[in-house]
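Q: Chain by chain, the residues:
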Amino acid sequence: MIQRNNSYRLLPFKFTHIGNKELIVNEVGDYLFMPNGTVQRVISGSVNRNTEEYRDLLSKFIICDSYNDILQDVIATRIRTKKSFLDGFTSLHIFVLTLRCNQKCVYCQATSQNKDCVNKDMKIEDLNKAISLMLKSPNPHITMEFQGGESSLVPSLVEHAILETERQNKSVGKEIKYVICTNIIHFSEELLNLCEKYNVFVSTSLDGPESIHDSNRGVSGSYKHFVDSLLRIRERLGQDRISPLMTTSVLSLNYPIEIVDSYRQLSFHYIFLRPLNPYGRAKENEDWNLYFDKFLEFYKKSLDYILLLNKRGEFFVEGFTAMVMKKILTPFPIGFVDLQSPAGIINSVVVYNYDGYVYCSDESRMMAESGDFTFRLGKVSDKYEDIFYGKKAQALSRVWATEYIAGCSDCAFQQYCGADPVRNYSTQGDWYGHRPSSLFCKFHKAVFEYLFELIDRRGNEVLPIIRRWIYD
Amino acid sequence: MTDKFIKGSNNNIIYVTSCCTNRCIMCCQPPLDEDDSTYHYKRNINLIDTADPETDYVCITGGEPTLSGDLLFDYMHRIWDKMPNSSIHLLTNGRSFANANYVEKFTKEANGKLFVGIPLHSDNYADHDVIAGAKGSFYATLKGLHNLGILGFEIELRVIILKQNYKRLDKIAEFITRNLPFVAQVSFMGLEVIGYAEKNYSKVWMDSECFTINLARAIDILDNSHIQTRIFNIPHCLLPTALWPFACKSISEWKKTNLGICSNCSMIDECCGLFSTSKRYSANLKPIIR
Chain A
1 MIQRNNSYRL
11 LPFKFTHIGN
21 KELIVNEVGD
31 YLFMPNGTVQ
41 RVISGSVNRN
51 TEEYRDLLSK
61 FIICDSYNDI
71 LQDVIATRIR
81 TKKSFLDGFT
91 SLHIFVLTLR
101 CNQKCVYCQA
111 TSQNKDCVNK
121 DMKIEDLNKA
131 ISLMLKSPNP
141 HITMEFQGGE
151 SSLVPSLVEH
161 AILETERQNK
171 SVGKEIKYVI
181 CTNIIHFSEE
191 LLNLCEKYNV
201 FVSTSLDGPE
211 SIHDSNRGVS
221 GSYKHFVDSL
231 LRIRERLGQD
241 RISPLMTTSV
251 LSLNYPIEIV
261 DSYRQLSFHY
271 IFLRPLNPYG
281 RAKENEDWNL
291 YFDKFLEFYK
301 KSLDYILLLN
311 KRGEFFVEGF
321 TAMVMKKILT
331 PFPIGFVDLQ
341 SPAGIINSVV
351 VYNYDGYVYC
361 SDESRMMAES
371 GDFTFRLGKV
381 SDKYEDIFYG
391 KKAQALSRVW
401 ATEYIAGCSD
411 CAFQQYCGAD
421 PVRNYSTQGD
431 WYGHRPSSLF
441 CKFHKAVFEY
451 LFELIDRRGN
461 EVLPIIRRWI
471 YD
Chain B
1 MTDKFIKGSN
11 NNIIYVTSCC
21 TNRCIMCCQP
31 PLDEDDSTYH
41 YKRNINLIDT
51 ADPETDYVCI
61 TGGEPTLSGD
71 LLFDYMHRIW
81 DKMPNSSIHL
91 LTNGRSFANA
101 NYVEKFTKEA
111 NGKLFVGIPL
121 HSDNYADHDV
131 IAGAKGSFYA
141 TLKGLHNLGI
151 LGFEIELRVI
161 ILKQNYKRLD
171 KIAEFITRNL
181 PFVAQVSFMG
191 LEVIGYAEKN
201 YSKVWMDSEC
211 FTINLARAID
221 ILDNSHIQTR
231 IFNIPHCLLP
241 TALWPFACKS
251 ISEWKKTNLG
261 ICSNCSMIDE
271 CCGLFSTSKR
281 YSANLKPIIR
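Protein sequences appear in the order of chains A and B. Per my numbering, the first sequence starts with residue 1, numbered consecutively. Per my numbering, the second sequence starts with residue 1, numbered consecutively.
The set of hints was computed from the structure by calculation and includes no laboratory data. Beta carbons are placed, not taken as given, at the ideal position from N, Cα and C, and that holds for glycine.
Among chain B residues calculated to face chain A with C-beta under 8 Å, some are:
#1 Tyr139
#2 Leu142
#3 Lys143
#4 Lys167
#5 Lys171
#6 Phe175
#7 Arg178
#8 Pro181
#9 Asp220
#10 Asn224
#11 Ser225
#12 His226
Isolated chain B, as found in the complex:
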């Protein structure tokens, strides 16, 4: 993680707490049961105080940041005070927003540029709850999304592609167009093989060759429905060329790497690269020679 927030970086991160209400089977930052938000507080405040006032992006994450109560709002206000042009990307599982009182309070406090990123693991509760490792999480997230949507918050849905959901990517996309058409963006994400994803590797990992057809269908549905769609963390060589326009350079510089075979790839500058933190990579990586 960075020591100083700067303009133009996608690596300006406030890590609020390790607590979480979900236990996602591929979590790359496994949660803790005890509250460590005060432990992180000093470092976070220091990051904000020393930030470049021109900073345009700050990500607030965890764990589940909404579990830290007023601390989250304290961070948000400090960020917007210190960096008025900054857009906050809040990563949350969305469950807290199922609570009407919380949404009301949040709406009062969240008075700056904000983009809320929420994972949706499936189009049905059975798969979602298994992936999230928490009963009731699908409906709570769905309700949270509706509550945020009705108030006009900008929402990013994040679909992490796994063995448990890769067959249904097109159905997830259709579910989104029918039930969550108000979201601003859907991001399909490749897995960072660390934390629980490493521990559960054989249970969760799915190589891209098995899902690209379904991914293309899903993106087609969303894109034609005027919902902005992006692919994160999947290198170009694993995607059909039709999907390249959707692929982002998503991996932060500090944890981005390439393999030796990538050196003569003609798409290396466009590619998201690989997680240096990942313990395993796809067997299908290959340079694109043009």
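So that you can see chain A by itself, here it is in the shape it has in the complex:
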């Protein structure tokens, strides 16, 4: 037992070195940047009470003078708030209505099939059963997302799914948000009518200027179709009812500024810089270590440019940074399933696949395409309890939280990061994963370090901008 001359007490915290400083993070995500050697002085009890440092440590709940009940209550409230994304259980229900697609994206994670292929659409009976399962979720707020393949190839299935959900929900009464994920290459009037009538949000993808976009799609003329449909959708549904995701192909890595500008040209005020995922077609083609190193540089350049735009008075959000910074700067959780602990799988998201089976995540069903059914939770005809609380879900729960898996439990970034057993399995061969050799870990640590350096070096300049993004 260390004897402390100042008799203050320690609260749980973790720390790491960034540059020549120590980053100290407490149990609820409050952080302090301190000179090297601070942690040693804190734990040896030599922090002087008459200093701002002592006050900083008190204020960030890293030390206290007594373990009183009220302090515990306040911290308990903070933990409850941080974990409130668990309150309602599964909120995002993904329906893979078809695996067929009209594009040939170079990075396709979904192993999409030719648009004329047979037996790759969801059967009506399976769809109806999946909807019943979805409505059994205890969450009063449900997002029902139609994915593919290309969901616009099966407009009648989309329509049936919405009508059947509306019908079944009459006696259930949940609040349901519909999202259609589509490349909008051929977005028919019929689909527009449906989106208008049921307030369907259109989630699409835009990878950059015409040359990059078309090259990534593997089909020429894609960009032109995209822009045509975009204008039609905006005119009919409103400016904010369609939003794109950007996926960074190997080609994209060379064009950080051009990609951001392509979004601005089309009057978007938001971009989400997303790296490739090592699934599906993308899995085969990369030296992933090199890819992520380059992606990080791409991310930094884009972010820097976006921050400059904001400084010049243009409101433009980088979504990934906004998500991570929300975890760092606020007491609130985020809806981003990749960075949650307990993990997003089952707790926040579940996938009903065209094959009539239920999977833990988008990545899980993608693995199934290559014959690996590890993350299949059951059939849509199974009982809700057997799928969501079954043996497989129980086994996954033993490895799905950063609080208790090795390499995460003592990591300074634990509060900001997430666990991903599916990714561990697909890249490292087991659910538990090995953090020292994990790319997921390496990449996210690098992002956290970069953002904390940004806070430290340019906090007064960039934090007001980023706070506006978070609370937008």
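We have chain A; now place chain B onto it with these hints.
A: For chain B alone, kept in the frame of chain A given last:
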């Protein structure tokens, strides 16, 4: 103080008691140890009875109004009965609300428009307790705030800027966004130099030139976090122009004054003015000429 409550006035005040559990080093209305709530009762009842029924604002203050037990609830009910459109601004140190039984009773009684103003002197207990002059006051206030917040009461946090906390205004703002994000408003307040503030002048007074940079940072943090933020009792000439939109005409007409040099100031109509009751003013007051 006013003799009759009228609509549109921010000077309709029920002074409940001089008792308080805190001994704030800058208190402008120093507390007494003996309970004088019955002494004030007759005048208060008369104010309510003779009030204009259209009155839209009544401030209940002290001392610490929650120390008067059922009397506080009696006042609240009478105010809402007589002036149904009235919003009550209850100024309290919040410590009573740390008690679950009190909060339960309060919730039952407080069934009208209410805005609870609670001072938070710091982001850490050490400074707060020194400023409040009472050990344990920080945690009790924090617990009280959480109890009120969970029940959805509208809360105003009041940060009076002093020598003891001016360096940490941005840190106080960050503490609020992390631990008290449910508050409806944060008010940063200049000092009224009277009472203990006059007695302890050299110990507590900090001229605005030393804190405006930190104040701007604090306001930026809160404003960007969608917490309404206001500046009270600091004249425009002491604030950078970026902070003018946050500055309120906060000082009641009856105790508001201006200096001779203010007469040709172009912002005089927007300005909060100065406390006529204050015994000292900033040395940096100057007319704004546009």
